[in-house]
Amino acid sequence: MNGVGIIKGLIETARNLAGSYHDKERLTTVRYPEETLPPVENARTIPFLVYDGGDAAAGLRCTACTICEKECPPQCIYIVKDMAKKPDYLGKMQLHPKVFDIDISVCMSCGICVEVCPFDAIKMDQVFELSTDDRFGGLLWGIKQLAKPNDYFQKLHRTEASEIDARREEDKSKSQAAAAAKAAGPAPAAKPPPSANKGAAA
Amino acid sequence: MQSLEQLKARLEAAVPGVRAEIVPNGSPAGQPSLLLDNGHARAAAEFLRDDAELRLDYCSNATGVDWPETTVKEKVKVKKVVDGAEKEVEEVRERKRGGYLEAVYHLYSMARKEGPVIIRLRTENRGDRVALPSLTPVWRSCEFQEREIFDLYGVVFQGHPDLRRILMWPEFRDYPMRKDYVEPDDYEYEPTPHDEVLERARRHYAGGPAA
Amino acid sequence: MTTLQSQSAAEEAAGGHQLLEVSMGPQHPSTHGVFRMDVALDGETVVRLKPVFGYLHRNHEKIGEKCSYLGSMPYTDRLDYICSLTNNWGYALTVEKLAGLAAPERAEYIRVILAELTRLINHSCLAGFLLQDMGAAGTPLMYAFREREKILDLFESLTGARMMCDYMRFGGCRCDLPPGWIEQARRVVARYPRFLDEFEALLTGNEIVRARTEGVGVLSAQLAVNAGITGPMLRASGVNYDIRKVDRYGVYGRMDFRVPMGERGDTFDRYMIRILEMRESLKILEQALRDLPGGPILDPKAKLRNLRPKAGEAYGRIEGPKGELGFYVISDGGPNPYRYRIRPPSLINLTILEDMCLGGTIADAVVILGSVDIVLGEVDR
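Top line first, the protein sequences correspond to chains A, B and C.
Throughout the first sequence, residue numbering follows the working numbering, covering 1034 to 1235 in sequence.
Throughout the second sequence, residue numbering follows the working numbering, covering 653 to 863 in sequence.
Throughout the third sequence, residue numbering follows the working numbering, covering 27 to 407 in sequence.
No lab work stands behind these hints, which were simulated from the structure alone.
Careful: at least some of the hints might be erroneous.
Pulled from the structure, derived: some chain C residues nowhere near chain A, Cβ distances all over 10 Å [what the hints assert, rightly or not]:
1) K88
2) M99
3) I108
4) P130
5) R172
6) A187
7) D192
8) R217
9) A227
10) E233
11) D273
12) I301
13) D317
Derived pair list, reagent style SDA-like, types lysine to any residue, alpha-carbon separation capped at 20 Å [unchecked claim]:
14) K271/C to V730/B
15) K1205/A to D1136/A
16) K1177/A to R817/B
17) K92/C to G1087/A
18) K1041/A to L180/C
19) K92/C to W719/B
20) K1057/A to L180/C
21) K1103/A to N362/C
22) K1057/A to L222/C
23) K1041/A to M298/C
24) K1041/A to E233/C
25) K76/C to Y839/B
26) K92/C to H846/B
27) K88/C to Y839/B
28) K329/C to V1147/A
29) K1103/A to W821/B
30) K1057/A to F221/C
31) K1057/A to K271/C
As the structure is a computational prediction, the values presented were derived from the model and not from experiment.
Note that the Cβ used here is the ideal one computed from N, Cα and C, for glycine as well.
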């Protein structure tokens, strides 16, 4: 009979409509902004800089090596190095950035800067409510807006942050043990003269 | 599937006068290509499509490549007199290679599920003699792709049914994909300028970059 | 002066009819992106149709010459923006051929899983949009998108982004599967046939759909092969050519699946082929999820930064959801490619749009364009 196909189709639509009242599978609308979807651990929107401890200036992990600036495909990162060195978490003296700008209107969220960073200093954030009415500077973020503490990083990407923290603790304890061994005096094996060693470790 | 040498031999036998040359490929992909001369390219293409053993009825890809003028350094073995005795010495010789535009076609056979066979056509130079025979009458899939090569590189395909710009608008001048293409000065605000963009920013604003 | 004006004067003189020239311009809900068709109509019959595009031309190929090999990977997401993972795979395959890298087995299985999921979302999108073009006012589209959302959630938990995934790397994948992902994927694959059955009950028997698509836009097999058509459009015309079966790239050689083929090459065949392909993709997904091995996901020889393949060239192709997606990369030994070319299936599939639409009505032109399945990001690059 002509029209059977259409009637079958209408039955499907009615089933979907009726089902949406009691079946969660059929009603999938999330009423944003009153409801939000739960955050996904791996999600990425724009980068942010990680700092350890409470002070953004002292604990910033970034050493201004500019690898992320070179690898960024749309070249939205702009770094100016500060020549005064600061110690990092291992005690080694490193450079740090004087200016670290990211143009987040250009950023593609590709995450390549995160992949190539050798210092775990830049990670992907998950904020997306970024609109502003300042057309020219509002979406150009500097260190003040980009630097976020390690606790924030822990909250966003628990697995990755825990791994990185564990590794950094291990590195720190290893380097402290090595420094302690040096300062305690040389072992009687092949070594440079004791006086020179003690002077260097002090 | 026969090797490229066998194919070249059969091609030269079937299409009299064609000059084919095998261009080797340095990468591990191992896909050498066949360089054809422009005069017999159409006949060679028809042979490749219609031959019973090849049946290359599907032209998958037509690409334009720009090779500007460059000097090629070659290691040449030369007989020289060294310390009184004649020896073969390796000498690095520089050779000027003229610029040309190239069209590369990747051919597959849908009937025999074989391929690819890669053929190349080169223009004489990058300035005024940029004509190539169009292979659209042989494989219709080249129609839009040759229009794109004309649009972005400037190669004029003779025998193409409808040769006009495809991606750029009709009044556009110049050919964007060429290596020496200079972009028009349409500089806008650029917060994080690098390299060439920084240069353009400095030229655009006499006093320095905007950021 | 438009391309049609000079010709229509001749036609007027010849036929005595006055042709109506319509520019189904770039902003139109049924043109699937910024795509224009200059149509000349005699009444309602299409006499001439010229596609015009280039509105989304971003010159990917020149950007590819400026970026490093890795830097071009996020740009490949934005080609055919619905199927970003298959674009990534095509490019990764080509550079692996160029540089002589090989992905380990686990990475290959993950790639197959993601590619088939991408095929599912692409064909859902197509089925929904085609029916929207026919006037179904969005309901089948939203049903299709509801299923698509589940797969996008899978992508987000694995790669970090729903659409622009940037997941494949040269020699493997970017990161490993998070815990619980396989179970979630299995759940999605298990629920999918129910959606397909509902969709078919809704639409395939529907008289309106049949009347609008059967016999419309017939494409002969010979013209399809000569015009370089690939993908579901080619198979709907009766040509048995699926690159997954021909080239056997990845681990498709181990998968047991069939390739659906059409008989008449009309729009209804093209639509049904995609529904059937979705069912075959589900079969492949079940097999791949079951056989997924453990192990590394990246070739140990692969370099992330500063990849410099030897000078040479390579052409790699995959069976994307729209057709054969090919990448042709020429390397000159430096960190950036010398020539980076994308073989776009949507552009080549548009070659015979005019041939298919001639003689039909303008309403048919809309439906035929919908069945060609174009995405302007790929056509224009």
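Now the hints, each set against the structure:
1. K88: holds (13 Å)
2. M99: Its Cβ does come within 10 Å of chain A, the nearest being 8 Å, so this is violated.
3. I108: Consistent with the label, I108/C stays out of reach of chain A, its closest Cβ about 17 Å off (over 10 Å).
4. P130: Correct as stated: the minimum Cβ-Cβ distance to chain A is 19 Å, above 10 Å.
5. R172: violated (6 Å)
6. A187: violated (6 Å)
7. D192: violated (5 Å)
8. R217: violated (8 Å)
9. A227: violated (5 Å)
10. E233: violated (5 Å)
11. D273: holds (28 Å)
12. I301: Per Cβ check, I301/C is outside 10 Å of chain A; nearest 15 Å; holds.
13. D317: The assertion about D317/C holds, with a minimum of 24 Å to chain A.
14. K271/C to V730/B: violated (51 Å)
15. K1205/A to D1136/A: violated (34 Å)
16. K1177/A to R817/B: Judged against 20 Å, a Cα distance of about 48 Å means the pair is violated.
17. K92/C to G1087/A: Between K92/C and G1087/A the Cα gap is close to 40 Å, so the pair fails against 20 Å, i.e. violated.
18. K1041/A to L180/C: violated (32 Å)
19. K92/C to W719/B: holds (16 Å)
20. K1057/A to L180/C: Status holds; Cα separation ~18 Å.
21. K1103/A to N362/C: holds (13 Å)
22. K1057/A to L222/C: holds (19 Å)
23. K1041/A to M298/C: holds (18 Å)
24. K1041/A to E233/C: Holds, at about 11 Å.
25. K76/C to Y839/B: This hinted pair is violated, its Cα atoms lying about 34 Å apart.
26. K92/C to H846/B: Between K92/C and H846/B the Cα gap is close to 13 Å, so the pair holds against 20 Å.
27. K88/C to Y839/B: holds (18 Å)
28. K329/C to V1147/A: It holds: about 15 Å lies between the C-alpha atoms, which stays within 20 Å.
29. K1103/A to W821/B: Violated. K1103/A to W821/B sits at ~34 Å, over the 20 Å cutoff.
30. K1057/A to F221/C: Judged against 20 Å, a Cα distance of about 15 Å means the pair holds.
31. K1057/A to K271/C: violated (39 Å)
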